[in-house]
Amino acid sequence: MTRDDIQDKILAILTEDFEFEKPGLDDNLRDDHGFDSIDAIELLGKIELTILDFSLTREEKEKAMGIRTINDIVAYIEDIKHSRSK
Amino acid sequence: MKRRVVITACSAITPIGYDKDTIIENLRQGRSGVKPLRDDGLLTRHIHSRVFGTVDYPIDYGFKRHFTKTMGPVAYYACKVAKDVLERSGLSQDFITSGRLGVAFGSTHGSPTVQREIYKTFFNDIDSKFSSIGAVDYLRSMVHTTAVNITRMFGITGRVIASSTACTTSSQSIGYGYEMVKYGMQDAMICGGADEYDTTTVAVFDNLLACSVNYNAAPHCTPRPFDTNRDGLVVGEGGGAILLEEYESAKKRGAEILGEIIGFACNNNGGDLILPNLDGITATLRLALKDAEITPYDVDFISAHATATKMGDVIEAQAIAAVYGDRPLVTGLKSYMGHTMGTCGVIELILTTYMMEQGFIAPTLNLENVDERCNMLRHTREITESNTKIAAIQNFAFGGVNTCLLVKSANEVH
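So the sequence lines, in the order shown, correspond to chains A and B.
Take this note's numbering: the final residue in the first sequence is number 86, and no numbers are missing along the way.
Take this note's numbering: the final residue in the second sequence is number 414, and no numbers are missing along the way.
Quick caveat, the hints were computed from the structure, so don't treat them as lab data.
Glycine included, each C-beta is placed from N, C-alpha and C at the ideal position.
There are no misleading hints in this set.
Here are some chain A residues the structure puts well away from chain B; computed CB gaps all over 10 Å: (1) 1; (2) 7; (3) 8; (4) 27; (5) 57; (6) 59; (7) 60; (8) 76; (9) 83.
Going by beta-carbon spacing under 7 Å, a handful of chain A positions derived as facing chain B: (10) 19; (11) 34; (12) 38; (13) 41; (14) 42.
Mimicking DSSO-like on lysine-lysine, the simulated pairs with C-alpha atoms at most 30 Å apart in a straight line are: (15) 389(B) with 252(B); (16) 252(B) with 2(B); (17) 389(B) with 2(B); (18) 46(A) with 64(B); (19) 69(B) with 63(A); (20) 81(A) with 69(B); (21) 9(A) with 69(B); (22) 61(A) with 64(B); (23) 120(B) with 9(A); (24) 61(A) with 86(A); (25) 9(A) with 63(A); (26) 46(A) with 120(B); (27) 81(A) with 46(A); (28) 389(B) with 290(B); (29) 9(A) with 22(A); (30) 69(B) with 46(A); (31) 69(B) with 61(A); (32) 22(A) with 69(B); (33) 64(B) with 22(A); (34) 61(A) with 120(B); (35) 61(A) with 22(A); (36) 64(B) with 20(B); (37) 35(B) with 310(B); (38) 9(A) with 64(B).
Full structure from sequences and hints, please.
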């Protein structure tokens, strides 16, 4: 899955499941879209299921709590995939 | 400090309608909201009782996902009626978020629909590599989900009471909300209850032989409170909310007053958790009169709990007779919609205020031949024009909890 594929998937999830309107890649998730900690946990579950196809560790999930933008999400997923492929 | 407590807004989603005019019309026309039990895939084919007090009309919720993500079906009912009440009240946003408004709201057991999904996941996917129990499932299903989804949606920062005492859930909510305002702990309270469509509740009562089973082919003919041919309760769904406010401030801001809560009592039978208890119920009715500082002769109408179980109706009739004799009219409003469980108290209170305002009392539906053991009361057998000044709303629950609310007609609030 390329970076663009991941980005498209994330945009689709945020638009369809989280009802984001016109999400921008550098929008602040909380301030611009009301994305909160409950949403973050829900999104991680969807990322596991639809993109990664494996379960995240607690440490990996905790790293995700610093995410602020869609670009951050995509970078986070790429990092996880990269580190797991080693 | 003892302050007067008035009702300044209300809303009910019931098996006989949502808006006030529809509910009144259905009461006047004697239309039942009991329908065939829907199949929700859980135990349905094993349940003998095939009837349910059903909300089957569309409701336009219009809630944003930001709010719905923490809501199961029960919280939809709760937030909808709470929204109605706040909109109708005319309370300012500053007051709503001031901490002087609290919430007393409950349900029988949160959202069983969501709980079922959690357990399905748990038992089916226990070896899965993914944990598919969502972060919000607990928030949607927890026992205080109705109360806190209301506070979340409207930014309410006052006290939260989340009663969950089965059939006395919402009458307790109203009673405790009344006491909050009466004794100055809060200036206003949103009170009520909700319960969603759920066959597990039917299964529980069915297993206890407490559900109606003889009218599956004619759902509108059951339940039959106080009738010789009654054969048990009918579980139902719905939601209801009222706004309670301190009288002087409500009057000062020009709020419409729909009634006054003048007394409340709640006690426990102190023993058996299922069987109705004459001493316990009788004591509750007397305690409420004492709280209101009125006599039995002041009460014109009794909204009986009257679930249409064999023993429950007889014990309640004996308690009413012991306290009131045969003067007040007595109606079992569950005859129109079944037993809406945690919601029944608030719905029965709201319907009572509607009838008081309209000057009539609806009869107990399906009451054709009064059981001779219940025949010492003044049953409402037909639409009765009535200038009801004070009414009692009685509710009793599994666990031996009894409540009685006393409400004064808006016409009598001076």
